[in-house]
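> Here are the chains, one letter per residue:
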Amino acid sequence: MGFIKAKFNAPGGVHPAYHKDLAAEQPIAEMPLSASLVVSMSQHLGKPAAPTVKKGDSVLRGQVIGEAAGFISAAVHAPTSGTVKLVADVATAAGPRATAITIEPDGEDTWVEGITPCPDWHQQDKKEIVEKIAAAGITGMGGAGFPTHVKVSPPPDSEIDTLILNGAECEPYLTADYRLMLEKATEIWQGALIIAKALDAKTIYVAIEDNKPQAIAAMQEALPAEVGDAQVVALKTEYPQGAEKQQIFAVTGREVPAGGLPLNVGIVVENVGTTLAVWDAVVNGRPLTERVTTVTGGPVAKPGNVLARIGTSCADMVEFCGGTEGPVAKIISGGPMMGFAQADMSGPTTKTTSGLLLLDPTSVHAYESMPCISCGRCVGVCPMNLMPNELSQFLEAEDYETAEAYNVMDCIECGCCAFECPAHRPLVQHMRRGKAQVMLNRRKQAS
Amino acid sequence: MTMVIQTALTIGGAGLACGGLLALAAKFLAVKEDPRIEEINGILPGANCGGCGYAGCAAYAEAVLLKGAPINLCAPGGAEVLGHLADITGETAKVAEHKVAIVLCGGDVSYAPRKFDYNGVADCRAAQATGGGDKSCSYGCLGYASCSHACPVGAIEMVNGIAKVHRDLCISCGSCIRTCPRHLIKMVPYARTIHVMCSSKDKGPVVKKACKVGCIGCTICTKLAENESIKMEGFLAVVDYDKELDNDAVIEKCPGKCIVRI
Amino acid sequence: MSDLAIVSSSPHAHSGSSVRRIMLDVIIALVPALLVSVYFFGWDALRLTLACVITCLAAEALSRKAMGRNLGIDDLSAVITGMLLAFNLPPTLPTWMAVVGSVFAIVICKQLFGGIGYNPFNPALAGRVMLLISFPVFMTRWSEWTLPSPLAMDAVTSATPLGLVKTTIGSTGALPFTFDGTTMLQLFVGNQNGCIGEVSAAALLLGGIYLLVRRCITWHIPVAYLATVAVFSGILWMHHPQQNLPPHFHLLSGGLMLGALFMATDMVTSPVTKRGMLVFGVGCGILTMLIRKWGGYPEGVSFAILLMNAITPLINRATRPRVFGAPKGGKKQS
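Protein chains in written order, with our numbering: chain D, 37 to 483; chain W, 12 to 273; chain P, 3 to 336.
Bound-form chain D, shown alone:
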């Protein structure tokens, strides 16, 4: 049985230079513990976790140091054993400030008590699986960081028939998921079966872009015999194939309704890294304390895929990859299309840091505020079929009502429009601001 080719393709899309060769052949390398780890309480979408430790406390690896503060929230665990040095507000990668706990490792890396492996996960029922995922503090590791236990416990009236594992990794430069699929294919499949059980999903697809034939082959080979309806789907290589709604369409032909969720069409999408974390949590009983991050970009001396504890500083990771060669003009947490530019390398990694990308001055693209020349390229490449040209003009004029009527809220901020714009307009930034303002206005109206 071979893999299948995706029958559909979502609208729009762009073909940025991929630069995956920088790190694709580098096996995942585990990084030694840093001298200090800064663990943010806001690593996920939703309410930040509530700190449960204070300065001076000693903690063990896997110990809860932040409790989920509500349904859409996730627990945070100590990435290693050591002492809490500071509990204070720091800026997150995305900008807003959030509480973070600084831990000084004791070097022992002692696990907290109560970590019980359960190799035969089949014995666990749906509820136990969901509980374990929630207890492990797993969030979407592709970028958005939606708490996974929420995703795998859909409301009772929704019927999920399909689970899609997102191995598209359409962001240029990033190769973390690619390496995971090559090195951990069996575990990822087990994780997929676990999630499928929790969801009662009959069908499992693994969606991979067709520029990664090795990953497709590896996942194909590891396809477990015990599973009935499971398949590897090769997607056309095009950004943003990894975007949830676009991927669902490409794989199944189902369109998630505007403003709706994948579960509205009976589908849940999980990133392959997240799936591996689920396997680790359910089978090994271990909470999420580390992740693979691609450290890459021209100025990085030895780009690679680094398995690092959550809270490791960007500077330490770059140091682990041989430091920098030549000037660094931009530091990006994540990939070049949707990542967040950082002021410096002092920031810590989080559960969602899929990449750390350094750009030299010649690779940095500068935005200008030129007038739109109505070339229509943004309209052609928008995977949501929006018209970014008009929307950006409404938003420049602060006409939020019209922008809302013209569906600004459907924007997924993928960046295709700004990538193509010959006038170098900061289109995504306009959209972000517009969406934030519309949300604000809606909340105001509601109250």
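I should point out that these hints are in silico values taken from the structure, not numbers from a laboratory. Fair warning: there could be bad hints in the mix.
Stated by the list, open to error - Pairs of lysine-lysine residues, derived as DSS-like cross-links and limited to a Cα-Cα distance of at most 25 Å, are as follows: (1) D/K90 / W/K212; (2) D/K480 / W/K197; (3) W/K38 / W/K175; (4) D/K91 / W/K242; (5) W/K78 / W/K126.
To be verified - Across the chosen pairs, the derived CB separations fall in these ranges: (6) D/G296 / W/D179: 49 to 55 Å; (7) P/I56 / W/G89: 56 to 62 Å; (8) D/K121 / W/A69: 57 to 63 Å; (9) D/K121 / W/N238: 29 to 35 Å; (10) W/L20 / P/W296: 45 to 51 Å.
Beta carbons: idealized from backbone N, C-alpha and C, even for Gly.
Chain D is already provided as a structure; the job is to place chains W and P on it using the hints.
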């Protein structure tokens, strides 16, 4: 000749018919409106600043008459407009105290450097959402002039990279306050001239690193100021505008040089 | 550059396209047509092109300065306006008229509307139409041209093929020449009467293909435009071959190729949606043929495109794509 007459009759007739229709429409489709709304609208300053909480002067005029909105909400109009409104509505209300906006940050480019090179939309809210703003101080004025653009009367000038309100031009509408993502702008009594020009809630050392004219939380001013007219809010000295303060000592003794008379 | 890291909103990657590069590509695409026109019209072609380009650049620079716009002229858009305007002028036109047309195009039609990106009408076409209305005699004074296959009258004419057809059919009710292979070849390479840039369909097609390859234009507008003209004229021709010339004559004569490939595809003044582009092309085609067949002017490309420019915002609104995930066939939000 017949053609001329024909043409004249046709066109003239069509004109007459249309005119008649318009006249009828004006009579039967007219919207009956309280004439006083128009009158009040004429009295209001017409800046449509939204400071009253209604969408422009016409909306406020309507609200005053139909929804019983208080008549002293028009800050730009001041006592004069209030007097007229009182005459029209027969209501009485106290003139609100004359207040002006002030940007509580003195950290211009010479005092507070940038921490990164921001490239994007020249708007404070956009800049704030991109890496948290490029100013060294995470509380200070970003200087992208959103308040200045929002000001209906052009009373806010950008000086050395920070916003300054010209107090004599300010009509106290509050538009600037709503646009500032860092909530630096406050409405203060016009009569008050001593201000702590800093809004940083950071601890002293952090402030010192970020800005040369920031409040380091030394509390000296709170001790010098009469009857607690300057209070500490965390690590920040804040003027209590409800209490009298006219004391040059607080200005002279401030080690951060952030208390000034304007 | 400072030592500070640059922080911007995502994306941090870019395709490398720029307004300047697009404009440069259009200029490159116009070069074959320019060379052909210099070959056929000699000094006059060069004279008018230089006059228009230099005037446009100067007018652009001065008006931007006067209006306090801090954009330079290095986006090259004024060069294109100048070239396209010149291409739409007859070779005999006095230089000063070309200068007047250029100033009108840049100052009135472009900068007064807000400059690049804001002009509702194609400035070059508006400049051309202004000249046509103001100086009708000069704008229709052509050089001499030898008809390959005349049916009647002289073999030498000083009219454009389209003009000749219009006047001859008007007066005699018959066609002035037969449209055979020789005539077609003449029109195709550019040995015909007309404005300096419009004569050679071959050179224009070459440029058009370059633009398509460089992704500066998409196929939608040119194909819709040319196909509509072909179908419209084909129906007329089949219906009444004595009075109408065949579709390939219509495709190769007048300003159609120049209009369909370079003027109707002007980004600023044409729709942004793919469906809108098709509507725009079809509209241009119908209007062009209506004017050619029944209008007062022998050629209708300029008017057709300008009229369609006027409804471009409406076309954009009407052809807004269905938002991904929005109900199919359902009413779009307005």
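> Hint by hint, where does the structure go against what was stated? Just the numbers, ascending.
3, 4, 5, 9 and 10
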